[in-house]
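If you count the sequence shown from 1, position 249 lands on 249 in the numbering used here, and the numbers rise without skipping.
To be clear, the hints were calculated from the coordinates, so they are not data collected in a lab. By construction, the Cβ of each residue, glycine as well, lies at the ideal position given by its N, Cα and C atoms. There may be inaccurate statements among the hints.
[What the hints assert, rightly or not] For lysine to aspartate or glutamate, the following EDC-like pairs were computed, each having C-alpha atoms within a straight-line distance of at most 16 Å:
1) K163 / D195
2) K9 / E53
3) K211 / E254
4) K326 / D86
5) K326 / E299
6) K326 / E174
7) K9 / E55
8) K326 / E91
[To be verified] Label-pair restraints from in silico Cβ distances:
9) R89 / D167: 54 to 60 Å
10) G202 / K326: 23 to 29 Å
11) D241 / S41: 30 to 36 Å
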Amino acid sequence: MAGPLDDRKAAVLRAVVEEYIETAQPVGSSHLVRNAGVNVSAATIRNDMAVLEREGYLMHPHTSAGRVPTDLGYRFFVDSLAPSEDLGRPEQQRVRDFFATTHGALEEMLADTSHLLAHLTNYAAVVIGGTPEQASVRSVQIVDVGSHTAMVVVVLSNQAIHKAVFDLPEGGSEEALAAAGRAMAAAMVGAGDLDAPIPTTGDASVDGIVKGAGAALATRASGDGDHMFVGGAARVADAFDAVDTVRRVLGVLEHQYVVVGLLRDVLDRGQSVAIGTEHGLAPLAECAVVVAPFTVAGEPAGTVGVLGPTRMNYPHALAAVTAVSKRLGESLSES
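I would like the entire structure built from these sequences, with the hints used as guidance.
In structure tokens:
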């Protein structure tokens with residue numbers, strides 16, 4: 001088991017990680033001699049790197065004279081990062097401009113946000129909108145769409161919109177539609193699900209519309225779950241050298257329930273970063289995941305994250321995910 005590191009060895013390890021993230025080449029002692037945080041001789045650095053290798057923080061790739069970080073080395077680096085890392089000003093402005101001009105339905109905004117995050121980081125980005133159980137009903141309306149049919153529209157507190165079309169019963173007048181909408185709103189607004197019981201009104205026309213709308217909504221909602229959007233999946237090919245690794249990563253990204261479970265598991269463990277084997281998915285053993293939740297009106301609404309190689313630019317990825325998740329939640333809360 002790795003022991004605690006003194007300040008000098010910690011500085012050497014951080015320098016190795018930073019150099020390897022930058023160059024993707026094994027790092028030798030000669031590269032670190034002039035590093036501002038490692039003001040010692042090349043011999044001392046070689047000795048420290050040997051100790052770091054024995055402790056499990058570094059490893060020799062093949063026969064190279066240089067060393068690369070292990071998952072443990074990356075973990076030390078991430079845990080030692082200052083919490084105040086920010087995006088650069090141009091990227092901050094890009095995020096502000098994006099959310100100032102991007103509007104529309106929840107699904108469209110989540111999809112666009114995934115592409116924004118992918119462009120900011122050059123990794124595959126995932127944005128997940130919460131399930132209906134994670135939000136409350138904000139409004140309910142029933143509108144006539146013609147040909148003896150109507151549409152029930154339910155807006156949730158996380159800006160998700162559920163719509164369902166149903167056949168109007170006899171007597172489905174404009175007044176009856178309005179009354180049915182008010183009856184459903186009175187029972188559903190503030191509820192945490194779409195199955196809140198609707199008391200009868202005593203008016204057969206109104207109750208018939210409510211029954212039809214409720215049945216259509218239940219059928220529509222039963223197919224709904226987490227809405228997952230992946231941006232920049234093609235960037236995976238640039239992030240990894242091995243074709244087999246690219247194939248495995250793309251295969252995982254095609255399975256929504258696996259990705260949703262992965263991001264939730266990282267957050268449930270109180271982490272924002274999972275590195276290599278830490279997340280427990282063998283196909284992603286060479287990957288790191290950076291995640292952050294977002295809230296709408298103070299309620300959990302979803303998750304934002306990026307997936308890339310363990311040789312990830314962690315400070316930048318953390319800053320990007322944090323900034324985007326914050327602005328996404330603020331934008332949806334203001335909508």
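For each hint, the structure was consulted:
1. K163 / D195: holds (14 Å)
2. K9 / E53: holds (11 Å)
3. K211 / E254: violated (37 Å)
4. K326 / D86: holds (13 Å)
5. K326 / E299: Roughly 13 Å separates the two Cα atoms, so the pair holds.
6. K326 / E174: violated (42 Å)
7. K9 / E55: OK: K9 and E55 at ~11 Å, within 16 Å.
8. K326 / E91: holds (14 Å)
9. R89 / D167: 54 to 60 Å: Hint holds: Cβ distance 56 Å, inside 54 to 60 Å.
10. G202 / K326: 23 to 29 Å: For G202 and K326 the Cβ distance comes to about 49 Å; the hint is violated.
11. D241 / S41: 30 to 36 Å: About 33 Å separates the Cβ atoms of D241 and S41, which means 30 to 36 Å holds.
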